[in-house]
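Assemble the complex: chain A is given as a structure, and chains B and C must be docked to it using the hints.
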Amino acid sequence: MDFGPYLMLAMLEGAVLAAVLALMASGLSLVFGVMRVVNVAHGEFYMLGAVMAWVVTQFMAGLGGGAAVNFIAAAVLAPLIVGTIAAAADITILKRLDYDPERVIVATIGVLYIIQQASLMGYGPDAKPVIAPFNSRIALPWFEFGEEGFQIYFPWGLSTTSYKLFVIVAAVVLLFALRLFMTRSRAGLIMRATQLDGEMATAFGIPVERVYAIVFGAGAALAALAGVLIVPIQQAHYLMGGDALLLSFIVVIIGGLGSLAGTVVAAVIIGMSDGIISVFFTPTLAKIIATLAVALVLVFRPQGLFGVKSR
Amino acid sequence: MTETSSKTKTGLISPTRRGALKTLAAGAGAAATMPLWARYSSAQSSAPIKIGFGKHATGIGAAYGRWYERTSVAALAKINAEGGINGRPVELVTEDDGTDPRRAAEVLEKFASQSECDVAFGTLFSHVVVGAAPRAAELKLPYFVVSEGHHVASGMLNRWTLQPGITDVKSQISAMAPFLTDVLGKKVTMIFPDYAFGYDHRDNLAPAIEAAGGEVVAKIAIPPTETSFTKYFPKIPRDTEVIYHVMIGPGVLTFVKEMGEFFGPSRPELFGFIDSLEATDLSSPGLEFLEGTYFWEGMPRYLQDDTPDYVKAYRDAVGLDANGASTADASDVSTSAHMFGCWETLHIIKAGMEASGYQSTADRQKLIEAVEAMTMFEAGPDHPQGTKMFNGKTHQVFGPQYISKVEGGKLSVVKTVPYEETLYDDEVDYTSMSF
Amino acid sequence: MTRKDLITHLGLIAVLFALHFLLPTYHHGIFARVMVLAVYAIGYNIAFGYTGLLSLGHAMFFGAGMYGMGLAAYHFAIPALPAWLIGVGCAALLSLVVGLLALRTQDVSFMIVTLMFAQAAYLIILYFSEFTRGDDGFVVPSDMRAIGPWDLSDESTRYIVALILFSGALMISLWLVRQPFGRVLVALRENEERARLLGYDTGRRKLASLVISGTISGAAGAAYAGLFGYVGASFAGVQYSIFALLWVLLGGAGTVLGPFIGTLFMFYLIDLATEVTEAYMLIAGVALVLLTLFAPQGIVGEIRRRLWKDLP
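Protein chains in written order, with UniProt numbering: chain A, 1 to 311; chain B, 1 to 435; chain C, 1 to 312.
Accuracy of the hints is not assured; some may be wrong.
Just some of the chain B residues that point at chain A, by a computed CB distance under 8 Å [stated by the list, open to error]: (1) 63; (2) 234; (3) 262.
Derived pair list, reagent style DSSO-like, types lysine-lysine, alpha-carbon separation capped at 30 Å [stated by the list, open to error]: (4) B:50 with B:219; (5) A:128 with B:410; (6) A:128 with B:50; (7) B:235 with A:128; (8) B:219 with A:128.
Since the hints were derived computationally from the structure, they do not count as laboratory data.
Every residue, glycine too, gets a C-beta built ideally from N, C-alpha and C.
This is chain A alone, in the form it adopts within the complex (with noise of 0.2 Å):
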């Protein structure tokens, strides 16, 4: 294939796991900036996602409905229940841990583990496909400046498919709704304001607790609509939390710990850079080079690269 093709198709590839990761990572920068604690099991509120979208189109196909209509219950249906496992998990769990930081994490740990093994208990070892609403293959044009001037080809190979690019509308839509929804909505504000100051906001007789079980749930809830939105492109398959939690850390960090600007750009940039690097380097050295790079902006960026130095 030609570089140029090439590399425009490895950025449309890198384009649907910048979407994926972007509302997935979102979620997990949400919970961290209001809540200030790490959930290690927010990988497994993806995967759940996933694994409930096809629950739910299997259900759905029972009763006989269409592929789209199907996968429309699943996107509406998942992420509440997620979110309410979620929620539910804050209240029991985090609640009486006082969200000490390091506690959580240990306690989340115990969570990722409870989820994958309920789900292999209840779904099975196995990588079951959602079917996609629709899924047609889009030829892409290619340009070039031969001897007969400009012209324009169809390069073998340079395609996608209307789900992938759907997916990447989707995702920006939803990423605009959740800004507007922080920073219009008087929930939004409620939100801030407990990120800003827990203790101030309780004087205030904003109800914490309520707040940290929605915000937990509605963090899951982003990871579970990713995992919706990547069903039908993979499989669901109870181990698929574990890669993509550590995707979404990376993201995390170089956007700057809860700050939901910083990580959109983040997943953008690694999303894009997961493929671009493949055209250049084999796989397993581009995630070397990648998880150390990480490390190292950790080590000596703390506040990431978009983010500001925090109080």
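Relative to the frame of chain A, chains B and C by itself:
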């Protein structure tokens, strides 16, 4: 504790330990350990023969584990119905190895010293085999693997580990290469998983293709944890005539689907190892584009027109429908190309035990020697996959290989390569090693 | 070090020695394994339990020891004891480098940085598969698995060697926490700011703690390779980092006996659970949650809190 162990090197404080055990066992102080001892020494000859089965129940090998177990249970039902082994019933003791090498080694210990198994068998993934095999040798426990890895025949394992029921990747590849170059095309690009199983393919395909007059133009390694594949496909050179693909793990369906989306209507010839799609329904959405492509199969998944009666009997016993799925659940597709190895291995254990007059764990060494002396397995109810030749020196079996074409969403066998065309030179002589 | 401390810990070693003659084969094997893994947990405990450094990357130190020992024996035919020392040296070096970098961060960042470094180390093992044999791993040659006339693959020898290693690590750990150095580590854990104001060079002490911790973990990894004969990438994976945390938490972080008790308990719990369900890691998850909720001190910690105030 069992007196079978004939140690060559000294054990630290070993004599004392044994002495103390015996003294204590006689005394009241060791009452707690008595029942265990008693069972050890008074193994009745009518007691069942126990076969420890390391199952990939969880982890990435889970689908294989499920079908390996079903096949083994069916094989033992047949063996028991035919009078068992040396007049004794046979029992399967299953333990999950989690597709994890450390756990697999512990499972072997459990077989050897807790559930008192006579032999151990099972296990597909090569890192699990490599991790567990040294324990088998230390425990002096015959370990029959059904892995298709080249680790046994390459000489990296030991005298107690054998692979008599399934062929290894090296012989499979040498059987496929002439078909690739003669029928499909001379310029081959290979796509393989970036870990040991893939390396067996990487290291053996190029020489085999070159020997058959072709050329491997690109080798594309993909990490086993990868979940999106499109970005790798542009590395396929434009002049590729054949793509040789072998993937494994939960991402394989995505892999095939995205390959279809990448090439669209203008694809080169495709030749895959069915490992990519074991336990996967060929009518899954996205796989339509595999129509007209070719696969290696260890044993045909779909019922063929000329399927012999003994294969039908095998399929019925395991519970396979005509599509190679479970008769109980048509969406539960089997791992046909590998699991026959369990059936055949269990029949070889039976034959080996009968040939050696196996009575108790004290005869384990005789069992190994009896299996090493075997040479031919004729196709039939005990060996439904076909006639095979066993090489006692390398502990590896050689058998027929099948090439199938996807036609109407099913795999039809287009060529069968007999075992004679899959041989290669010995790389080890295990029989010269001590026990 | 008080006499009572000594009697308790020497008592455990004596009991383990007696068990060598008493245990049935299978449990004898498990105890040998648990003792080696408990050394890993003892190492982890020095960083996490005593100094308060929550690392999620200790598997890289275990792995450094294991691969240092294993590769030396496999590629260069170096016998067990010198190869073990090489493994320990690798772990010491790695923990020094990681410590110098990672200790610039704190708390959550420290956890993530160690996780990232460990992930990179794991991927490096996979990447250089020509040399390390990737995730297939390799078998340590049996002629290298001997110390003088003693064959490490012999069950009895293995148990005794594991016991010697375990006793050594236990006594070092006990000695360390009774030293002024150990008390400063605890002070660091409780309030780093105050320790600094009192004039302690907290950075250097944290580094020393991490290096000791990593080195002991590596000693366990190297011994595991020699005693059990297999070296594989899965031992360097993130799960083994979490195992160390789990064992220490269960037994009691910041107690000398805790790591052994936790490892033993969890080992049997999982071994029994495999007979009931395929999802046996569920037990680990439930244990982690219950421990953080109801017994953050762990088993030995609770004993210390309720029964035995000055247990180290």
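Pair hint residue 50 of chain B and residue 219 of chain B, alpha-carbon separation not exceeding 30 Å: 44 Å, violated
Restraint check, 8 Å cut-off on beta carbons, for residue 63 of chain B near chain A: It holds, given that the least Cβ distance between residue 63 of chain B and chain A is near 6 Å, below 8 Å.
Pair hint residue 128 of chain A and residue 50 of chain B, alpha-carbon separation not exceeding 30 Å: 35 Å, violated
Interface hint status, residue 234 of chain B versus chain A (Cβ within 8 Å): With a closest approach of 4 Å, the residue 234 of chain B hint holds.
Status of the hint placing residue 262 of chain B at chain A (closest C-beta pair under 8 Å): Hint holds; residue 262 of chain B Cβ to chain A Cβ min 5 Å, cut 8 Å.
Hint consistency between residue 219 of chain B and residue 128 of chain A [alpha-carbon to alpha-carbon, up to 30 Å]: Holds. Residue 219 of chain B to residue 128 of chain A sits at ~29 Å (cutoff 30 Å).
Proposed proximity, residue 410 of chain B with residue 128 of chain A (alpha carbon, max 30 Å): 20 Å, holds
Straight-line alpha-carbon gap residue 235 of chain B to residue 128 of chain A, limit 30 Å: 28 Å, holds
In this structure, the earlier hints numbered 4, 6 are contradicted, and the remaining ones agree with it.
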